[in-house]
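Which chain is which? The protein sequence lines are A and B, in order.
The first sequence begins at 1 in this note's numbering and counts up one residue at a time.
The second sequence begins at 1001 in this note's numbering and counts up one residue at a time.
No wet-lab data here; the hints were simulated from the structure.
Heads up, the beta-carbon is just placed ideally off N, CA and C, and yes, glycines get one too.
Mixed in with the good hints, there may be bad ones.
Unchecked claim - So the derived list for chain A, only partly shown, Cβ under 8 Å to chain B, looks like this: (1) V57; (2) W111; (3) V130; (4) M137; (5) I221.
As the list claims (entries may be wrong) - When the alpha-carbon atoms are kept at most 25 Å apart in a straight line, the in silico SDA-like pairs for lysine to any residue are as follows: (6) K1012(B) x V208(A); (7) K245(A) x F256(A); (8) K245(A) x Y1232(B); (9) K156(A) x G1041(B); (10) K1012(B) x L214(A); (11) K1012(B) x L32(A); (12) K1012(B) x K245(A); (13) K1012(B) x Y260(A); (14) K1217(B) x L214(A).
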Amino acid sequence: MSRTTEALPSMRTDHHSRTRRTLRWARIAIPLTPMVLFYLVFLAYPILVLGYYSLQVGNGQMGLQNYLRFFQSAGLRRTLVNTLTVAGAATALDLVVGYPVAYYLARRRTWLADLVQGSLLIPLYGGLYVAFAFMLMLLPNGFLNSVLLWLHVTDKPLSLLYTHATLIAAFGVYGLPFMVYPLRAAIQGVDPALEEAARTLGASGWQVLRLILLPASAVGIVGGVLLNFGWNVAIFSIPLVLSFKGAPFLPVDIYFSTRYGIRWSYAATLSAVLFFITFGLSYLYMWLARPTRSFSTGGDE
Amino acid sequence: MSSIRRGRWLGKLVWGVYLGSLIAVLWLIFLVLFAHSFFEGVTLEFPPRGLTFDNYLQITNQFFPALRVSLLLGVCAGVVNMVLTIPASYTLARFTFKGQNLLNAFFLAPNMVPAISLALGLLALYPRLGMLDTFWGLTCALAIVTMPYMLRPVLAAFHDLDPSLEEAARTLGAGRWRAFVLVTLPLIGPGVLAGLLLSFIIGFNEFTIIIFLYGPKNLPASVWLWNMLFMYGITPQFAAAVAVMQLVSFGVLFVLVRVIGRRYLQGVVF
């Protein structure tokens, strides 16, 4: 029984525990109802409709044929492989770039740490802007090529824009916060005394990293990788602007299949595949983050 | 002794260069488009023929209606979130009951669902509800994707709050409702404000879901930008529109970080 219920004066004389239980139940259920209803209508129902469409195979029949067709079609397999490759490469990039950043944010309280933390919020709200900026930088007549031509580094503009490297870099920039935050929380969970002890005993910086930091933050690393990869797979705005013929992406494919007369079962199957990947990996992250409280909330309090 | 000092100095330099270049890359995203918005002409030219403020004046007629829609959407999504989240997180923070963890995870689930999948699902649902190309249809779609960004700071605020404060108010004769409005609500204020600002930023810039659900009657700024890029490519006028969007977002972000502080930014991204 919660404190609030017991403190209610009118309840003290009430000896019918059933009324009391009903009242407590109502007190919990009523404030939650609008939120739950909203989630059911605008989150659960759309996803279920999606699943339903993906199982429709025509003539009112249901089956898994759409999914079979998905994995049998060479074109869609190529799209899936390309999406997963770019997402995976960007995740690897973020892990390598983000780990030192996360370490610094976890251990230092300097103005530089605050600045980094603030700057990391820039890509958070706009995958679209990241894509625009890359485009403006790398177009044949863009900033970078103009500077290179002006400095006579090259004679003719380099075609940098529509390449896999650019896509990976753009995904990497956008996804960096989603890697740094879980990693920082994981590193905060490692006692700094362990590092200091190893240092005192003569370990080099590299040894401290390899023997203490990495093993102790391994769960957080796995979590960060899963989360980051799950998000990367579903990014839509960046590949919409920056992808090219040799680099098809699932989200872009979904979008264009709804433009000129919707092919529902096709689009729904692709969306469901994406959903399973992202939701599955995020769920795994939540599950990994659960047992150690310090990992999920960060050790700041 | 001096070698240790040199080592420490070197360490600082390495950290400074590394983090400095990271910050430079992140700020470049913003600065490149911002700089370009002052270039003269209608195509991309570098170095520019001259610098001008005209691009901002040229876009006002077409861009500002779209900007208005986006501003309103961001605010309304935040308000919907607030109204739904405050009672729900009060209950989640104060009571322990069966299925609480599950409910908590359910409320955070919009972050685990790809925006594009949700967008397609809503596209299937909205014609039946008559919500396609309506302002409230877009608002509800934005509210559901930004809800976790509201829920986390508000829940954190309720967890920080000492329940005995409200109980004291009740003991002194305040009714349940009165104690909530006069004692609890002001104390969770910073958390609610953080949630509102975060919801606004995300809703204001949201693109993936909106592009499936928008229509000519409600054209938000992010979609307007994409249409411009699709038709004319990158122009100084386009860059000016992007700069306006970014400046609004930056202003809100600045308020968020400076005024509200770090406590409620914990776990913005999980």
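Comparing the hints with the structure gives:
no.: 1; hint: V57; in the structure: 17 Å, violated
no.: 2; hint: W111; in the structure: 11 Å, violated
no.: 3; hint: V130; in the structure: 6 Å, holds
no.: 4; hint: M137; in the structure: 6 Å, holds
no.: 5; hint: I221; in the structure: 14 Å, violated
no.: 6; hint: K1012(B) x V208(A); in the structure: 18 Å, holds
no.: 7; hint: K245(A) x F256(A); in the structure: 14 Å, holds
no.: 8; hint: K245(A) x Y1232(B); in the structure: 20 Å, holds
no.: 9; hint: K156(A) x G1041(B); in the structure: 23 Å, holds
no.: 10; hint: K1012(B) x L214(A); in the structure: 22 Å, holds
no.: 11; hint: K1012(B) x L32(A); in the structure: 51 Å, violated
no.: 12; hint: K1012(B) x K245(A); in the structure: 45 Å, violated
no.: 13; hint: K1012(B) x Y260(A); in the structure: 56 Å, violated
no.: 14; hint: K1217(B) x L214(A); in the structure: 53 Å, violated
In the structure shown, a violation is registered for the earlier hints numbered 1, 2, 5, 11, 12, 13 and 14, in ascending order.
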